[in-house]
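Student: Given next are the chains, with one letter for each unit.
2 protein chains.
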Amino acid sequence: VLCGATEHASVRAPAEALKGEGFEVETLRLTGGGDLDLEHLAGRLRPDTVLVAQMLVQNEFGSIYPVRDVARLVRARSPSAALHVDAIQAVGKIEVSIGALGADSLSLTAHKIHGPKGAGALVTADAALLRPLAFGGGQEHGLRPGTENVAAIAGLGAAAEIADRTRESTHAALLARREAFVRGAGRIPCARLLEPGRSVSPAIAAVLIPGAPAEVRMHHLEERGVIVSAGSACQSRRNEVSPALTALGLAAEEARCVLRFSFSRSTTLEDVSSALGALETVCRELEEARR
Amino acid sequence: VLCGATEHASVRAPAEALKGEGFEVETLRLTGGGDLDLEHLAGRLRPDTVLVAQMLVQNEFGSIYPVRDVARLVRARSPSAALHVDAIQAVGKIEVSIGALGADSLSLTAHKIHGPKGAGALVTADAALLRPLAFGGGQEHGLRPGTENVAAIAGLGAAAEIADRTRESTHAALLARREAFVRGAGRIPCARLLEPGRSVSPAIAAVLIPGAPAEVRMHHLEERGVIVSAGSACQSRRNEVSPALTALGLAAEEARCVLRFSFSRSTTLEDVSSALGALETVCRELEEARR
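Quick note, the sequences are listed as chains A and B, same order.
Using the working numbering, the first residue of the first sequence is number 1, and each one after it goes up by one.
Using the working numbering, the first residue of the second sequence is number 1, and each one after it goes up by one.
Rather than coming from a laboratory, the hints here were simulated on the basis of the structure.
Take these hints with a grain of salt, some might be off.
The list cannot tell twin chains apart, which means a pair is met if one copy fits it or any two copies do.
As the list claims (entries may be wrong) - Under the rule of at most 16 Å between Cα atoms (straight-line distance), these lysine to aspartate or glutamate pairs were calculated in the EDC-like manner:
hint	residue 1	residue 2
1	LYS19	GLU140
2	LYS117	GLU148
3	LYS19	GLU222
4	LYS117	ASP35
5	LYS117	GLU179
6	LYS117	ASP69
7	LYS117	GLU140
8	LYS117	ASP271
9	LYS117	GLU168
Could you build the full structure based on these sequences and the hints that come with them?
Tutor: This is the structure we're talking about:
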């Protein structure tokens with residue numbers, strides 16, 4: 001089992017759990033520039049590799065990874081391996097097609113495309129790949145039992161339809177918001193934009209601002225009505241350092257100073273400019289407090 | 001592992017799956033009168049029994065089972081066994097308390113108490129009993145990963161609060177509806193009310209009407225606006241005979257002729273009388289069609 005260098009906990013933790021079942025699990029690497037190290041991957045793919053997981057868009061800093069190249073390597077070197085792609089941050093922002101990616105399975109979730117929390121989808125090229133983890137009334141073709149979360153499932157369907165239909169206009173709008181944000185963030189002393197890899201998602205801007213933990217800035221920004229995150233929501237509950245930021249080569253103290261700004265199709269340019277204003281104020285105040 | 005005689009598929013199927021993991025799994029028995037055969041249970045409980053599952057209210061015909069007596073036997077004979085109670089049909093209709101029952105875990109669901117589909121609860125006497133089946137972002141104390149279905153969870157909480165507060169008045173109302181239904185159903189030729197065990201839930205009336213499969217009557221009733229079920233919703237998707245009805249000693253052809261009528265606190269006496277009217281009409285028409 002090979003696990004991408006910067007996977008979300010929803011992939012990292014199951015990969016870790018597979019070790020307990022006797023699987024050899026390896027974490028892949030990034031190049032110095034923060035892209036996938038395909039040469040390293042090629043060397044790790046074995047004829048008996050059963051599973052490779054590589055996300056499409058990184059959730060903490062937005063790198064868009066060359067999953068198609070990963071698929072080609074996997075097919076060539078590990079013919080019996082399945083390729084799983086976490087496309088949760090990609091859907092609705094960039095083109096996503098399980099066929100074009102060459103993946104076997106692909107995950108997406110409603111609450112990242114303006115749908116309700118609680119419903120997601122695992123798209124498979126071949127349903128026979130899946131085995132149930134729980135057993136019961138035969139719902140979802142016997143793959144996951146339990147009375148279905150009908151409202152959220154319908155919401156996911158509607159949200160996915162809208163996300164697909166508006167993808168190009170959303171992309172353009174996000175790009176304009178992100179560019180405005182990046183220009184403004186350049187004025188903040190010591191702020192460093194993280195843009196690892198060959199391209200980044202227009203929905204995410206990760207900024208490293210040394211001098212205070214990201215959580216502190218996050219709370220100060222929240223008081224000003226600006227909601228950002230420090231690492232992913234799933235990691236921020238614990239005090240651990242983001243493994244994805246660590247994989248970029250950041251030291252623990254740097255990784256703790258990374259804020260993630262996200263843009264959606266409902267973010268306005270005014271929102272961007274007030275977020276920038278709040279960020280400048282928070283940085284100035286924290287700087288003054290330190291003196 | 002001991003599995004109650006008439007458990008829902010949500011318990012029966014996992015018990016079956018445990019066989020594949022090497023557990024010895026036995027299904028318990030009912031007495032001739034349709035109550036739990038506690039003598040048989042006592043004989044099957046071993047010092048190395050790890051799990052006993054016994055539902056509180058049967059979902060297809062409403063028997064209320066003496067779970068407290070089961071708990072006493074389990075504690076006395078299998079001190080290391082956990083007792084799981086499916087209380088899904090009981091909550092809001094009769095008193096349910098994990099402590100009073102002497103159970104280790106108890107399941108309930110929102111959509112049986114007028115809450116939204118998609119949220120349920122597994123109540124435990126000791127959370128240490130549980131181990132996760134899936135791994136990820138650490139939600140739900142690490143027991144079940146994934147962004148929570150917030151709306152449905154809030155709905156479950158609200159529904160449970162209302163179900164608890166109105167339980168006694170609901171019980172009285174259901175009892176009156178069921179009694180009216182039972183009186184009326186007595187007028188239908190050949191209809192036989194199933195009331196196995198020492199007492200039945202006021203929310204359920206199971207009626208065996210020979211001469212046509214329950215599904216046929218179900219569809220005819222549906223056309224007249226009366227929604228009933230043939231077996232449990234989870235079983236009715238397949239063509240199998242209800243194992244719970246079989247456990248009552250019914251022959252397969254009898255089991256296929258059992259209709260379940262359910263009453264809720266929003267069922268009116270007028271609903272009951274129009275359901276009875278529709279049932280009489282459907283039975284008469286089917287009888288005429290057979291001649």
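Student: Name the hints, by number, that the structure is in violation of.
Tutor: 1, 3, 4, 5, 6, 8 and 9
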